[in-house]
Amino acid sequence: MPAAPSTPIPTSLGANFNWDDEFCEDYPHNLIPTPGYWIECSRQKIAFPNQHTIWDDSESEHEEAARGITVEPQLERNCSDLYEDDEDSDNVPSSQRFRRKKTAIEEQWEQQQGFELTSVEQETYEKYFYGTEHWNYFTNDEDLGPVILSIKQETINGRDQFRILVRAISYTVHGLIPASCVFADRYNREEVVRSLGKEVNLNPPLTLGQLPDTPEELLKLDQVFIKSELKVGVIYVKEGQYTEEQILDNNENSPLFEEFLQLLGDKLPYEKHDPQKLQRKRHIGNDIVCVVFLEADNTAFSPACIKSHFLHTFILVRVSARIKRKPTRYEVSVVTRDEVGAYKPYLWEQSVFEKGPMFREWLLTKIVNGERASYSAPKFARMQERTRSQMLEDIVANLANHAETGQIPKPYRRDYRIRPMLQCTTVYIILS
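Numbering (full-length UniProt numbering), first residue to last: 1 to 432.
With a straight-line Cα cutoff of 20 Å, these simulated SDA-like cross-link-like pairs (lysine to any residue) come out: (1) 152 x 198; (2) 227 x 118; (3) 198 x 177; (4) 344 x 103; (5) 231 x 376; (6) 355 x 255; (7) 227 x 310; (8) 198 x 171; (9) 227 x 379; (10) 355 x 109; (11) 220 x 126; (12) 231 x 118; (13) 220 x 386; (14) 355 x 106; (15) 231 x 309.
Think of the hints as simulated: they come from the structure by calculation, not from any bench.
Generate coordinates for the entire structure from the input sequences, incorporating the hints supplied.
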């Protein structure tokens with residue numbers, strides 16, 4: 001367990017704070033364990049304050065040992081990566097230098113020149129239904145409220161399957177149902193839909209409803225929280241700065257911070273006559289993800305110092321002080337509210353990076369996935385549910401009105417697809 005920092009611990013942590021609380025202890029995070037937040041580990045162990053340690057199940061060291069594979073501690077492996085070249089390496093023939101194994105992140109970067117964005121359920125309709133032949137059914141259930149079923153028939157591995165997507169106010173269900181498991185004639189779509197409706201006790205039964213603009217309306221419904229751009233704050237923390245006022249009052253920065261900013265975006269202006277820094281707080285406080293550049297040896301960051309109902313995850317970046325070589329290397333730490341789960345790319349895959357395109361792409365991917373993971377937190381889930389409820393009610397009401405006119409719906413099919421997915425990340429730099 002690392003010793004407490006020599007500088008005073010912020011009083012905002014409360015009287016019940018105890019340095020003996022369990023948290024990730026295998027990596028110098030420069031983070032103060034804070035109630036309500038958990039720290040992501042740079043090895044395969046994830047720990048939460050006041051809770052038991054949780055081990056990541058994917059190829060953990062315990063599993064490797066059980067298979068008879070000799071493993072080194074993750075921290076030692078990371079250190080061997082860091083000391084691959086030392087200050088005297090120029091005097092050592094290249095053939096004799098230590099050549100380390102590439103990390104999973106480096107291999108992924110070489111193969112794909114990018115990293116995996118976390119998929120969200122709102123992308124399902126666009127990926128599997130939009131632009132292909134499918135049918136939409138609706139009802140206003142007595143208990144569930146408005147419900148929309150999208151259904152299409154597929155042949156996978158030589159077997160007939162029904163792909164379904166059921167949307168209600170509080171949940172979404174997507175999956176494949178083998179045609180042999182449906183108690184109806186697989187070639188009679190109406191019988192198949194009636195059978196599915198009975199399985200979930202929908203009342204009144206599902207009604208076919210297809211208008212030319214229905215697919216676009218369903219796409220809008222699913223993209224309530226799918227953004228083509230994200231706004232992310234970046235704050236600068238100096239030695240001895242613990243409070244929001246101290247951090248947001250920064251106007252001068254160091255060459256190291258300027259070098260880091262070259263990877264990112266645009267600075268926000270410094271308002272000299274704004275003692276409370278309300279303009280800067282307006283940007284930072286309304287973000288979900290915040291990048292913290294920490295330039296300090298004896299100061300740890302507490303996520304509680306920035307007072308915001310929106311901020312749910314902080315990505316801490318610090319220049320590695322253990323390696324005096326070029327290019328610059330960055331150590332990354334992540335602290336997240338308890339309501340938000342772990343998200344890719346994980347730190348145990350790699351947590352120290354050289355400055356360059358790979359680190360920029362990794363950082364932006366971590367930012368995007370951090371925001372997407374935060375959508376499941378209660379605050380954002382409630383907001384999404386309210387919007388989703390209103391949109392579902394409008395779509396179902398519109399379909400019901402047209403169904404009463406006796407119009408015969410036709411299956412929707414187009415040869416092109418709209419991909420309003422994430423193309424870039426807009427990063428607003430708060431020089432603070």
